[in-house]
Amino acid sequence: EAQVTQNPRYLITVTGKKLTVTCSQNMNHEYMSWYRQDPGLGLRQIYYSMNVEVTDKGDVPEGYKVSRKEKRNFPLILESPSPNQTSLYFCASSLVREGHEQFFGPGTRLTVL
Amino acid sequence: AQSVTQLGSHVSVSEGALVLLRCNYSSSVPPYLFWYVQYPNQGLQLLLKYTTGATLVKGINGFEAEFKKSETSFHLTKPSAHMSDAAEYFCAVSGLNNNDMRFGAGTRLTVKP
Chain S
184 EAQVTQNPRY
194 LITVTGKKLT
204 VTCSQNMNHE
214 YMSWYRQDPG
224 LGLRQIYYSM
234 NVEVTDKGDV
244 PEGYKVSRKE
254 KRNFPLILES
264 PSPNQTSLYF
274 CASSLVREGH
284 EQFFGPGTRL
294 TVL
Chain F
18 AQSVTQLGSH
28 VSVSEGALVL
38 LRCNYSSSVP
48 PYLFWYVQYP
58 NQGLQLLLKY
68 TTGATLVKGI
78 NGFEAEFKKS
88 ETSFHLTKPS
98 AHMSDAAEYF
108 CAVSGLNNND
118 MRFGAGTRLT
128 VKP
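Chains as they are written, first to last, in the numbering used here: chain S, 184 to 296; chain F, 18 to 130.
Any given hint could be a false lead.
To be verified - Taking CB as the label site, the calculated pair distances span: (1) F:Ser20 - S:Glu281: 17 to 25 Å; (2) F:Leu35 - S:Lys248: 44 to 52 Å; (3) S:Leu194 - F:Ser20: 29 to 37 Å; (4) S:Asp242 - F:Val46: 26 to 34 Å.
Stated by the list, open to error - Only pairs whose alpha carbons sit at most 35 Å apart, straight line, appear in this in silico DSBU-like list of lysine-lysine: (5) S:Lys240 - F:Lys85; (6) S:Lys254 - S:Lys201; (7) S:Lys240 - F:Lys129; (8) S:Lys252 - F:Lys66; (9) S:Lys248 - F:Lys66.
Everything labelled a hint here was simulated from the structure, so no lab data went into it. Please read all numbers here as calculations on a predicted model, not as lab measurements. From the three backbone atoms N, C-alpha and C, an ideal C-beta is built for every residue, glycine too.
Let the sequences and hints guide you as you build the complete structure.
What follows is the structure in structure tokens.
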């Protein structure tokens, strides 16, 4: 089944404790992206990657890191989480093609205390 | 640059009534337009998209949307609401590049029995 998977689905952590949210897709998509969803703000892009070893900042990159060492994986790293990073996070993937839709993972709900 | 405005953060309809969710966009290039649906505790899934050609686009679950360039709108409609349509709906616009996709703030649809 074609899908985007994320782990963990739920995470409660404390300020400053490094964490990684994994994302993997099995559709051989070149493009991958991370979004955060906050009430009233919709989805805002954190980072994206057009292909292996190619990453770039989205609209809200502060406090986050990513890497793209393999085509299928695109982990999101919070090296020193803060309470304002409490949010719902989505990973998405797509072909690099005009007008192509993005496929989304199930989401990771992160709470930083 | 692209942007999306969804009018109404909450819409409530009775079962069997018309569903109308409004979306206006801004784009410096001919846009690609999308509607996504998010059911509770799930990721976003594509309802329908407009790329080129026919301006009335039909999607899954009986939804359709019409691209009106003169009004810069892409409103989502369904003739008869069903209880299972209760969800959050996001309109999105993209330009020539995958990383240009921008989402509206979302509209939560409630369906009353």
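Comparing the hints with the structure gives:
1. Distance hint check: the CB atoms of serine 20 of chain F and glutamate 281 of chain S are about 19 Å apart, consistent with the given range 17 to 25 Å.
2. For the hinted restraint 44 to 52 Å between leucine 35 of chain F and lysine 248 of chain S, the CB-CB distance of approximately 46 Å keeps it satisfied.
3. Between leucine 194 of chain S and serine 20 of chain F the beta carbons are some 31 Å apart, a value that agrees with the proposed interval 29 to 37 Å.
4. At about 19 Å, the CB distance of aspartate 242 of chain S to valine 46 of chain F disagrees with the hint of 26 to 34 Å.
5. For the given pair, lysine 240 of chain S sits about 32 Å from lysine 85 of chain F by alpha-carbon distance, which is consistent with the 35 Å threshold.
6. Of the supplied pair hints, the one linking lysine 254 of chain S and lysine 201 of chain S holds, its CA atoms being roughly 24 Å apart against a limit of 35 Å.
7. Proximity of lysine 240 of chain S to lysine 129 of chain F is assessed by CA-CA distance (about 42 Å); at most 35 Å being required, the pair is judged violated.
8. The suggested pairing of lysine 252 of chain S with lysine 66 of chain F holds, with an alpha-carbon distance near 31 Å, which does not exceed 35 Å.
9. A threshold of 35 Å between alpha carbons decides the hint, and for lysine 248 of chain S with lysine 66 of chain F the separation of about 31 Å falls inside it, so the pair holds.
Of the numbered hints stated above, those contradicted by the structure are hints 4, 7, listed in ascending order.
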